[in-house]
Structure formats: structure tokens, C-alpha cells
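Numbering (the UniProt record's numbering), first residue to last: 1 to 684.
None of these hints come from the bench; they were simulated from the model.
Every residue gets a Cβ at the ideal spot worked out from N, C-alpha and C, and that includes glycine.
Label pairs and their calculated CB-CB ranges:
#1 E470 to P680: 19 to 25 angstroms
#2 G543 to A520: 28 to 34 angstroms
#3 E470 to T371: 37 to 43 angstroms
#4 E470 to A566: 42 to 48 angstroms
#5 D16 to T173: 33 to 39 angstroms
Under the rule of at most 16 angstroms between Cα atoms (straight-line distance), these lysine to aspartate or glutamate pairs were calculated in the EDC-like manner:
#6 K152 to D361
#7 K150 to E90
#8 K73 to D34
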Amino acid sequence: MFVVHIALQGCLRGEDVAYGLTADTGGHIRYLLDLVRACDQDTGIDRIVVATRLFNGPLGADYAVPEERVSPKVSIVRLASSSPGYLAKEDLHGEVASLAQALIAWIEGQPVRPDVIHAHYADAAAVAARVEDRLGIPFAFTAHSLGRVKAKALGSLTPETPSLGHRIAAEETALARAALVIASSRDEAEVQYALYKSYDPGLIRVLPPGSDLARFQAARPCRRVDASIDRFLREPGKPALLALARPVARKNLAALVTAYGENPALQARANLVLVAGTRGDLDSLDGGMAETLRELLDLIDRYDLYGRVAYPKTHRPEDVPALYAYARVRGGVFVNPALNEPFGLTLLEASAAGLPLVATDSGGPNDIVETCGNGLLVDPRAPADIARACLRILDEPELRARFVAGGARAAAAYDWDRHAARYHALLRTLCASEPHPGEPRQLLICDIDNTLVGCDAGLRAFRLWRSEQEGLAFGVATGRSFHSAMAILEQQASPRPQVMITSVGSEIYHLDANGVSYGADTAWRAVVSRDWDRAGVKAVLSGVPGLTPQGPLEQRTHKLSYFGDAALAQTARATLDAAGLAASIIHSHGRYLDVLPPAASKGTAVDHVRALYGLSEGDVFVAGDSGNDVEMLRARRQAIIVANFSDDLASHAALGHSYVARASHARGIIEGVAHFRMLPAHAE
Numbered sequence: 001m002f003v004v005h006i007a008l009q010g011c012l013r014g015e016d017v018a019y020g021l022t023a024d025t026g027g028h029i030r031y032l033l034d035l036v037r038a039c040d041q042d043t044g045i046d047r048i049v050v051a052t053r054l055f056n057g058p059l060g061a062d063y064a065v066p067e068e069r070v071s072p073k074v075s076i077v078r079l080a081s082s083s084p085g086y087l088a089k090e091d092l093h094g095e096v097a098s099l100a101q102a103l104i105a106w107i108e109g110q111p112v113r114p115d116v117i118h119a120h121y122a123d124a125a126a127v128a129a130r131v132e133d134r135l136g137i138p139f140a141f142t143a144h145s146l147g148r149v150k151a152k153a154l155g156s157l158t159p160e161t162p163s164l165g166h167r168i169a170a171e172e173t174a175l176a177r178a179a180l181v182i183a184s185s186r187d188e189a190e191v192q193y194a195l196y197k198s199y200d201p202g203l204i205r206v207l208p209p210g211s212d213l214a215r216f217q218a219a220r221p222c223r224r225v226d227a228s229i230d231r232f233l234r235e236p237g238k239p240a241l242l243a244l245a246r247p248v249a250r251k252n253l254a255a256l257v258t259a260y261g262e263n264p265a266l267q268a269r270a271n272l273v274l275v276a277g278t279r280g281d282l283d284s285l286d287g288g289m290a291e292t293l294r295e296l297l298d299l300i301d302r303y304d305l306y307g308r309v310a311y312p313k314t315h316r317p318e319d320v321p322a323l324y325a326y327a328r329v330r331g332g333v334f335v336n337p338a339l340n341e342p343f344g345l346t347l348l349e350a351s352a353a354g355l356p357l358v359a360t361d362s363g364g365p366n367d368i369v370e371t372c373g374n375g376l377l378v379d380p381r382a383p384a385d386i387a388r389a390c391l392r393i394l395d396e397p398e399l400r401a402r403f404v405a406g407g408a409r410a411a412a413a414y415d416w417d418r419h420a421a422r423y424h425a426l427l428r429t430l431c432a433s434e435p436h437p438g439e440p441r442q443l444l445i446c447d448i449d450n451t452l453v454g455c456d457a458g459l460r461a462f463r464l465w466r467s468e469q470e471g472l473a474f475g476v477a478t479g480r481s482f483h484s485a486m487a488i489l490e491q492q493a494s495p496r497p498q499v500m501i502t503s504v505g506s507e508i509y510h511l512d513a514n515g516v517s518y519g520a521d522t523a524w525r526a527v528v529s530r531d532w533d534r535a536g537v538k539a540v541l542s543g544v545p546g547l548t549p550q551g552p553l554e555q556r557t558h559k560l561s562y563f564g565d566a567a568l569a570q571t572a573r574a575t576l577d578a579a580g581l582a583a584s585i586i587h588s589h590g591r592y593l594d595v596l597p598p599a600a601s602k603g604t605a606v607d608h609v610r611a612l613y614g615l616s617e618g619d620v621f622v623a624g625d626s627g628n629d630v631e632m633l634r635a636r637r638q639a640i641i642v643a644n645f646s647d648d649l650a651s652h653a654a655l656g657h658s659y660v661a662r663a664s665h666a667r668g669i670i671e672g673v674a675h676f677r678m679l680p681a682h683a684e
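Kindly produce the complete structure, drawing on both the sequences and the hints.
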């Protein structure tokens with residue numbers, strides 16, 4: 001497979017990238033180069049080309065070299081556009097036509113055309129769309145950051161409105177045209193992209209970036225780095241609050257300085273260390289960086305923080321592990337106060353180096369902290385909350401130790417090889433012309449967690465069994481969101497479902513003809529929308545003592561999710577009845593409580609799919625393991641309970657007709673289907 005990446009922003013080269021040299025030379029370049037290095041290891045990849053923009057000028061001669069060889073399979077190709085000099089991302093929209101023409105000419109000159117193009121940022125997607133129009137090559141899209149999110153985070157952007165308008169329009173086109181969208185986090189997939197008219201959740205996959213964290217796990221102090229910080233500080237031995245980010249408004253470093261400056265207790269406990277890119281004179285900086293740095297210096301002066309705040313002018317890429325080590329040996333905290341952080345690679349690095357985190361609750365840090373349990377999330381617009389979180393970690397040794405231990409899980413959770421394997425599987429499916437499976441004669445729907453997945457050997461057996469089941473449509477029904485479900489299925493290399501019933505039956509998605517993307521079932525959405533007063537239900541349940549909402553990502557348009565025991569579930573039911581509000585309540589695993597529209601459940605969703613496929617009741621199998629599968633199992637005659645069930649499922653009064661398998665997990669599904677197939681046919 002031959003893959004071309006398009007990345008036009010910033011100063012990109014194969015080695016020694018000068019991060020922070022310009023406002024656009026940031027994390028997306030690191031992401032891209034790490035991705036390419038991981039992909040280079042796949043023997044099924046024949047060639048990788050990174051197409052970027054050629055420019056001349058004082059930033060360096062490297063960026064005017066037409067081709068740079070990175071490895072035997074990887075090269076960087078620089079394309080000339082209508083403007084010869086460096087351009088910030090706000091000005092690149094004027095280069096789209098000339099860059100597209102240059103890329104088309106380059107592709108036409110190659111002995112073999114690329115199989116797929118991957119566009120990074122919206123301007124690259126605009127180029128990729130023109131290439132697809134001319135040459136028919138499909139493209140994937142990674143936004144890295146989004147214009148609508150920036151506008152929402154920063155508020156009024158009058159000086160940037162024209163360029164931001166171009167960017168948002170290009171992002172809308174990218175979402176409408178891309179064959180696949182790669183997101184780094186559920187927040188990006190489910191919240192940020194949802195701001196766009198062209199939002200199609202079934203087109204998006206969440207593939208968390210990997211990170212080579214070994215050098216951060218082995219981080220050691222460096223005298224030179226220590227000296228570059230200590231020279232600012234009166235008491236350099238105090239704990240350090242470390243921030244490492246480019247000095248741009250979105251990174252919100254001013255809120256951190258304000259949090260520190262307005263909290264004398266925090267000043268007494270710790271120093272503040274701001275590593276904000278590499279700079280010469282302020283006037284030489286572009287993209288608003290000079291203005292941001294002046295704001296930081298003004299705040300330091302306003303709060304008279306001299307001797308307590310360090311802000312070194314330069315650091316080398318190889319110094320980053322030592323910066324984390326500086327804060328770690330002093331018992332410090334890593335702080336990311338960004339208004340929105342699409343992913344948060346520095347959070348993984350800092351965690352691997354042994355630092356607890358205080359991070360923005362907007363974006364990828366939600367996923368990182370949930371996965372690793374390595375810090376506290378805060379509202380980035382509330383400096384007092386940032387200060388309180390820092391003090392809490394500094395003052396509670398047991399909490400700090402727990403967060404440090406959680407950080408050790410980051411390396412396993414965020415691995416580039418795993419990312420590349422999932423990524424290539426998607427690209428290969430996208431490029432393949434698979435035959436249509438034909439009309440299904442039977443349908444199997446099963447739960448995911450602890451039913452389909454949970455036993456590696458069982459899932460391997462299921463993959464083989466599934467490949468032999470001609471005419472059997474396969475789907476899943478889960479409490480997870482679509483993106484969460486797809487992530488776990490792809491991580492476990494599950495067979496790709498033809499239908500996805502997600503969010504406890506409140507959403508249904510069907511696999512598209514390309515074998516990769518999914519389309520939302522709009523007819524089902526209309527069904528579950530009837531008699532559903534989400535705002536009213538939420539307001540009434542807010543008054544139930546002890547009923548605690550789950551995280552923001554678990555709240556859906558047609559689902560509200562809480563933590564609560566069985567007694568609270570009964571109280572919630574009674575409260576809604578008293579208010580005259582129609583809703584269904586699903587309680588599972590002793591602590592999860594989902595509130596759904598009255599028409600929504602796994603059971604009703606399965607029946608909708610059965611009718612859509614034109615199948616009889618005797619053609620449908622369902623399998624589950626817990627309380628949130630009861631509705632599905634109760635409604636189907638051929639119901640399978642796997643041996644590792646919970647919530648006393650096998651003794652449930654309404655499930656006496658179910659087959660309780662002797663085998664657990666996916667093997668139990670196979671056993672259950674075989675059991676029902678051997679029975680004499682029932683009269684309908």
C-alpha cells in the first residue's frame with residue numbers, strides 16, 4: 001500500500017524539528033512524524049510520502065529542498081505554490097489551487113499512484129479533495145484542531161474572522177468529502193466535530209496517538225537545564241508547577257499565571273515554570289506569540305512574581321525529558337490549562353516521567369485521565385479551580401502517589417504500533433473492493449463488554465466461527481457510545497459488525513458499502529425522539545439526592561447516565577412518574593443507571609433491525625451478560641446468557657426462556673447459537 005500524507009503548516013523536516021519556531025510548528029508535526037515512523041515498520045506498507053509546502057526565507061534552507069529522504073520507504077516531498085515565502089496557516093487557503101495542481105502533477109509522474117491520501121488540517125483536506133476530483137484517490141482526514149472549537153474557546157475573534165471563516169468552511173468540506181476521519185479522543189469525535197453541519201459520527205474513528213514514552217520514563221535531571229530554570233528563582237528547591245506549551249492564546253498560559261498570582265498559598269508552596277517555546281526577540285515572533293508572551297510578562301509584573309516564576313527563552317527538543325525530571329525530583333505537578341486540547345501528548349510524556357497532572361477538562365485530557373487515573377481535570381476558565389487542584393495534589397501525598405502510579409499505565413495505553421495496526425486495517429478496507437454480503441438470512445446481536453470481549457481465546461474462536469457463517473448478519477448492542485464501542489472492537493480485532501446498536505439502544509448505525517464508515521439510522525432516531533423530554537427529565541433527576549451524573553461524554557441526546565444503586569434507581573423511577581415524565585430506566589452492574597426515551601432499549605432496537613432486514617423472530621439470536629441486556633434478552637425467544645453473567649441474570653424472572661451457556665464470553669455466544677439451531681423450528 002502506498003500512502004501520501006499532506007501536511008502544509010509550519011516548518012516540517014524529517015529530523016530535529018524546531019518546535020515553537022513558528023506558531024504553526026507544533027504538535028501536529030510531532031504526531032505526523034511519529035505516525036509515519038510507526039507505519040514504516042509495517043511490511044505491508046510499500047511507500048509513504050509526506051507532501052508539504054516548499055518555501056524560501058530566513059527560517060532555514062531545509063524547507064526549500066524539493067525532496068528529503070527519511071528512510072528507504074519514507075520521503076518528504078515539498079511542493080512549490082504560488083507564494084514563495086513562509087505562510088502562516090491563516091494565509092494558506094490562497095495556496096490550495098496551486099498546491100493541488102502541483103501534487104496532481106507529482107502523482108501523475110510516479111510509476112505507481114497512491115492508494116489513499118491522508119490530509120492533516122483543513123487546508124490539506126481542500127487539496128486532497130481536488131486531487132480526488134481529478135484522480136479518484138480517496139482521502140482520510142485528521143483535523144488536529146478545529147476552527148469552530150477555537151472560536152468557541154476564545155470568544156470574539158474579530159481580527160481573525162475572515163481567515164477563520166475560510167478555515168471553518170474548509171473543515172465543513174473536509175467532513176463532507178473525507179472517506180474516513182481520524183480523531184484522537186472521544187471528546188473530539190463526539191463533542192468538537194458535532195459543532196459542524198457536516199458532522200457524521202459514523203465516519204469518525206477514535207485512534208488515540210501513541211507515544212514513544214521510554215525516554216520519558218527514563219528521564220533524568222540535567223545540570224544545564226536545571227540551571228536555565230534555577231537562575232530565575234529565589235528558592236529553586238521548592239516544588240515546580242511545570243507548563244510546557246507554545247505561547248499562543250489557545251494554550252491559555254495566562255490563566256495559569258493568574259491562578260498562581262492570585263493564590264498566596266500556592267506561591268508559598270511552589271514555583272511556577274513556564275516553558276513557552278523557543279524565542280529570540282519578541283518582535284521576531286509571529287502568529288500572536290509575541291502578544292501572548294507580553295501578556296504573560298505583564299501578569300508576572302502585575303502580581304510581582306519575580307523570583308517565583310521561571311520563563312527560559314530556549315530549550316532543545318532533547319531537553320524535554322529533563323524538564324519533566326526537574327519538576328518530578330522537586331515533587332511538582334504538570335499543568336496543562338489549554339482552552340481546548342485536541343489530544344494532549346505532553347500529558348502522557350509528563351505522566352511517564354512521574355508527574356501528576358492538572359489538565360483542562362476540554363478535549364483529549366478527558367480520555368487520558370479516565371484511562372490512566374493520573375490527575376485532576378479543571379475548568380480552564382476558572383483560575384481559582386486550577387490553583388485549588390494544584391494545591392490539593394501538593395498537599396495530599398496519597399493522592400499524588402495514586403496519580404503517579406496511574407501515569408505508569410500511559411505507555412501501555414497509548415502505543416504507536418497498536419495505533420498503526422488499527423489505522424492500516426481501516427485504510428486497507430477503504431481501498432479494497434469487498435463484495436456485498438447479500439441479504440441476511442439470520443441475525444446475531446450481542447453485547448460487547450464481558451460478552452463478545454473479555455477473553456482473548458474466546459474472541460479468536462469467534463472470529464473463525466463468524467467467517468464460516470454465511471447468511472448470518474452480525475451486530476452488537478452496547479451501553480457504550482458508537483465511538484467508544486468501535487474503539488474497543490477494533491482494539492480487540494473483532495469482526496466488523498454490520499449493525500451497531502449503541503448507548504443502550506438509543507442509537508443505531510449501519511455499515512456503509514465501503515466497509516469502514518457507518519450511517520446513522522434516522523428512522524430509529526425519529527422513533528426514540530417521540531415523547532422524550534430530555535431537559536425535563538434532567539431537571540427533575542437533578543433533585544434526587546445521591547444520584548450522581550456520569551461524565552459529560554456519557555450524556556447523549558437520547559440518554560442520560562448516572563451512578564446509583566438499585567434503591568436510587570427506584571427513587572428515580574418514582575420521581576419521574578410523579579412528574580409525569582415518560583422514560584425508561586436501565587440499572588446494571590450495581591452502580592450504572594441509564595435513563596432513556598420510553599421507546600428506546602436494546603430490545604426495541606433489535607426488533608427495529610429485525611424488521612428492517614425482513615427476518616422472522618426465529619431468525620434472530622441475542623446474547624448478553626448483565627442487567628442492561630435484560631430488555632434485549634426478554635424480548636427475544638432465542639436469548640443467550642454467557643456463563644460469566646452478572647446481576648443474577650440467569651435467575652431473572654423474565655429470562656426463564658434463555659439459554660445459559662456453559663462457556664463464558666464469546667465461546668458462550670457460539671454455544672448458544674448452536675443450541676438454538678439444533679432445536680426444532682418453532683411456529684411463529
